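Colleague: From just these sequences and the hints, can you work out the full model?
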Amino acid sequence: MTSPLLEVRNLRVEFPSRHGTLLALDDISFDIAPGEILGVVGESGAGKSLTGAAIIGLLDPPGRVAGGEIRFEGRRIDNLSYEEMRKLRGRHIGAIFQDPLTSLNPLYTVARQLTETIRTHLPLNAAQARERAIALLQETGISAAAERIDQYPHQFSGGMRQRVVIALALAANPKLVVADEPTTALDVSVQAQIISLLKRLCKEHGAAVMLVTHDMGVIAETCDRVAVMYAGRLAEIGPVQAVIHKPAHPYTAGLMGAIPAMAEDRERLLQIDGAMPRLTAIPTGCAFNPRCPRVMDRCREERPELLDASATRAACWLHDVGVAS
Amino acid sequence: MSSDVLVRFFGGDVWYSFRRSPLAIASATVALFCVVCAVFADWVAPHNPTDLATLELADALMPPAWLPDGKAKYLFGTDAQGRDILSALMYGTRISLAVGIASVLVSMLVGVTLGLVAGFVGGRTDAFIMRVCDVMLSFPAILVALLVDGVGRALFPQAHDTLAFAVLIVAISLTGWVQYARTVRGSTLVERNKEYVQAARVIGVPSLRIMRRHVLPNALGPVTVLATIQVAAAIIIEATLSFLGVGMPVTSPSLGTLIRVGNDFLLSGEWWITIFPGVVLVMVALSVNLLGDWLRDALNPRLR
Amino acid sequence: MSTLVDVRDLAKGFDVSAPWLNRVIERRPRQWVHAVDGVSFSIERGKTLALVGESGCGKSTVARLLVGLHSASAGEVLFDGQNIARTLVGPQALALRRRMQMIFQDPYASLNPRWKVRSIIGEPLTEHGLVRSDAALKDRVVELLQSVGLVAADMDKFAHQFSGGQRQRVSIARALATQPEFLVCDEPTSALDVSVQAQVLNIMKDLQRSRGLTYLFISHNLAVVRHVSDHVGVMYLGRVVELADKASLFATPRHPYTQMLLDAIPDIAMSGRSRTPVQGEVPNPLNPPTGCSFHPRCPHANERCRQERPALLQIRGVRIACHAVEEGRI
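Chains as they are written, first to last, in my numbering: chain X, 1 to 325; chain A, 326 to 629; chain V, 630 to 959.
Think of the hints as simulated: they come from the structure by calculation, not from any bench. One or more hints might be untrue.
[What the hints assert, rightly or not] Residues on chain A that point at chain V, a partial pick, calculated with CB under 7 Å:
id : residue
1  : E520
2  : Y521
3  : Q523
4  : A524
5  : V527
6  : I528
7  : G529
8  : V530
9  : P542
All of these numbers come straight from a predicted model, not from anything done at the bench. A virtual CB, placed ideally from N, CA and C, is assigned to each residue, including glycine.
Modeller: Dropping the structure here:
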């Protein structure tokens with residue numbers, strides 16, 4: 001078995017604030033194998049974007065990593081200095097953010113931004129870097145790349161800009177790409193194009209992807225495995241087919257039931273009453289217990305760890321061996 | 326209802342930020358102290374410099390109490406007529422603050438109204454008001470004030486001394502309102518497109534009521550900060566005008582007038598007559614400015 | 630079934646020209662965006678029509694035209710037989726406004742941040758003179774809050790004390806205050822999480838059934854549209870390209886754009902259906918293509934499509950604006 005590309009162990013991220021220290025990520029652990037696409041799905045406030053930010057090293061202060069470790073290719077990266085992290089970013093870990101408008105510097109041409117990134121991380125001269133940049137743009141499906149590369153970001157449409165951002169992320173051939181809601185700001189038809197592009201390019205370049213999104217449909221189309229987050233904790237993780245069709249955690253089941261499906265007509269959508277708890281008011285025991293249709297007494301007292309269910313791993317006492325489910 | 330407001334204020338982020346900022350607390354204390362002395366000058370001041378009967382010419386040009394010739398009775402010394410400097414400072418601060426605050430209130434009234442109308446109505450009205458703003462901004466405040474003052478003197482040659490107060494306020498607010506108009510116009514343009522305003526229109530609320538009840542309260546945020554900083558600016562403009570001789574007369578002197586009067590004695594050694602008013606002027610303006618700075622940061626949601 | 634809302638050839642253009650000085654110096658012409666370019670449809674009492682499309686298709690503008698937030702450049706909107714443009718400037722304006730209300734997309738901007746919920750929901754009641762006393766107002770507000778699944782105590786809270794889904798419920802309560810017959814919903818759940826969206830959609834469906842409401846539901850999410858609508862209109866660059874009942878539209882989409890939209894939806898069920906690759910993006914509304922605005926992206930476009938704008942015709946039970954369908958080519 002190949003060793004994992006990224007290992008996250010017991011990651012804790014906290015935010016000191018006037019209400020006390022808020023624990024935004026509480027004991028998150030998962031792996032990403034080389035070349036695999038892992039989806040991280042959750043609703044707003046679940047902490048999925050924070051996980052991505054912690055891995056790239058771009059946590060907004062006063063947020064900080066308060067515990068656990070992140071290992072990239074066996075080497076710890078959560079305690080690196082700003083300089084060392086900067087070298088790691090771009091070269092080995094690429095990033096794609098949600099809003100293509102703010103991801104690109106409006107004052108520089110695309111050529112300059114691409115070649116700057118390439119030359120920072122690879123030993124190429126200006127002409128070689130430009131050639132590589134043009135090739136990258138062509139790979140991402142931008143026609144007339146050789147001419148368009150000298151244009152400014154505002155001269156591209158939304159979908160085109162996101163393609164440029166993908167090209168930027170892949171410019172130095174990173175082994176891991178962290179994509180935070182890459183298609184949320186795009187139209188539906190463009191979303192489909194960008195998703196398939198991302199999947200294809202990453203497979204071709206051999207890059208693993210951590211895809212953070214709230215859209216289960218995107219996850220279903222792109223990912224190999226998916227991690228479901230709830231209130232800063234990992235609720236379930238497993239192969240994407242298994243999580244979607246045979247969810248082991250009641251929250252995942254509720255989430256799948258709440259999504260209006262194209263395949264069938266339902267009178268009422270399954271609804272999970274209540275809302276995700278705020279960081280200042282996370283319940284003791286399992287964070288989902290106030291809303292869970294299958295809650296037991298144990299759930300209110302003890303916080304469950306990830307336990308093996310039939311095809312996935314879920315943080316739910318229902319799957320504790322010895323308990324009738 | 327008002328206890329509701331108080332509970333909300335003291336539990337809120339602004340008060341929390343205040344408690345944690347030593348600079349804000351210090352400047353608020355200084356400003357509050359000056360204001361209290363000014364407002365209650367009649368009771369707090371050891372002497373009454375405006376009452377000519379209490380003046381003793383023999384005590385004229387006395388240095389401050391801690392210097393060799395000084396008397397404890399006159400803590401900061403006296404001026405050429407025997408007026409106690411400390412008391413004159415308190416009364417002078419009162420006048421300076423009164424002019425500063427009054428002119429800001431007038432500017433705010435005019436500026437906020439015009440800004441609201443410009444932002445809400447839009448079109449040619451907006452363009453017209455903004456061009457007037459641009460024109461007003463190209464005149465330096467001091468020159469406008471000098472002009473108004475000159476006109477005032479020409480129109481009311483006899484009553485000038487008592488009208489000086491009103492004329493000063495008009496002079497300072499004539500250029501001051503522009504800032505408020507622009508700021509409120511900006512906020513109005515933003516709030517006008519928000520969905521709660523559109524919801525009110527769909528409900529059928531008439532435009533004037535929407536402006537007053539929905540847009541205005543939400544557009545006032547930056548105005549508070551502006552007003553605080555403008556008070557300091559107004560006080561300094563007034564001081565400048567009085568120093569130049571076209572502001573408050575000697576019979577009811579503001580800090581600026583006191584500085585002017587004392588200036589003549591500076592080189593002959595009686596420094597206290599002009600220095601102390603200067604120090605107080607700086608203290609008042611600085612503390613109000615710092616308070617305004619802190620308020621701006623405290624009210625900015627992104628910095629919290 | 631009677632028709633409650635009837636829209637005929639509705640059009641709205643926005644003047645986005647550069648300022649006069651720039652136009653004179655740079656010799657630029659006036660520029661217009663035809664956000665809504667000749668749209669016609671009708672909604673029956675008690676039913677839901679969904680308008681679906683991507684950015685720039687004009688669906689939000691149509692929503693605002695229907696409640697009088699914009700005035701139409703051409704065409705008319707009839708509500709229960711009355712022309713709303715004329716009524717809204719006449720003495721009957723308030724009476725008309727009482728019968729139709731709107732719910733907005735952004736739960737954070739649709740409630741006044743400085744008002745308590747009591748005032749927010751109470752405003753339409755006082756504006757239309759529906760309550761005589763403070764006590765009556767309070768009772769009615771509590772009743773409305775309970776009808777959307779909130780509690781009486783929420784009356785004294787401010788908007789920021791609620792979550793997105795709860796705020797949207799407050800918006801719904803406010804919209805229902807005047808007991809309207811028609812609700813225009815502009816992407817009411819697009820900004821909400823999936824589980825919260827389910828709650829809000831369920832409430833909306835329940836309310837429709839219990840009060841006989843008519844909805845115009847705007848959305849870009851076809852799965853949601855499928856769940857809530859009776860009829861669906863697909864819009865592209867200001868025009869309606871297909872208008873059909875829900876079953877027909879989803880089972881047999883006829884217009885190439887509708888087919889493309891349905892194909893583009895990520896497949897949760899992963900049935901492995903083959904997808905036709907999607908071409909291009911929505912063109913710039915300032916410079917729309919000639920003829921049929923979809924022709925640059927359409928696999929079936931011919932010369933006629935490039936020159937002649939297709940009319941919305943009734944073909945085999947649905948309304949389609951497509952030359953290829955009319956000619957029987959697809």
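Colleague: Of all the hints given earlier, name the ones this structure violates by number, lowest first.
Modeller: none
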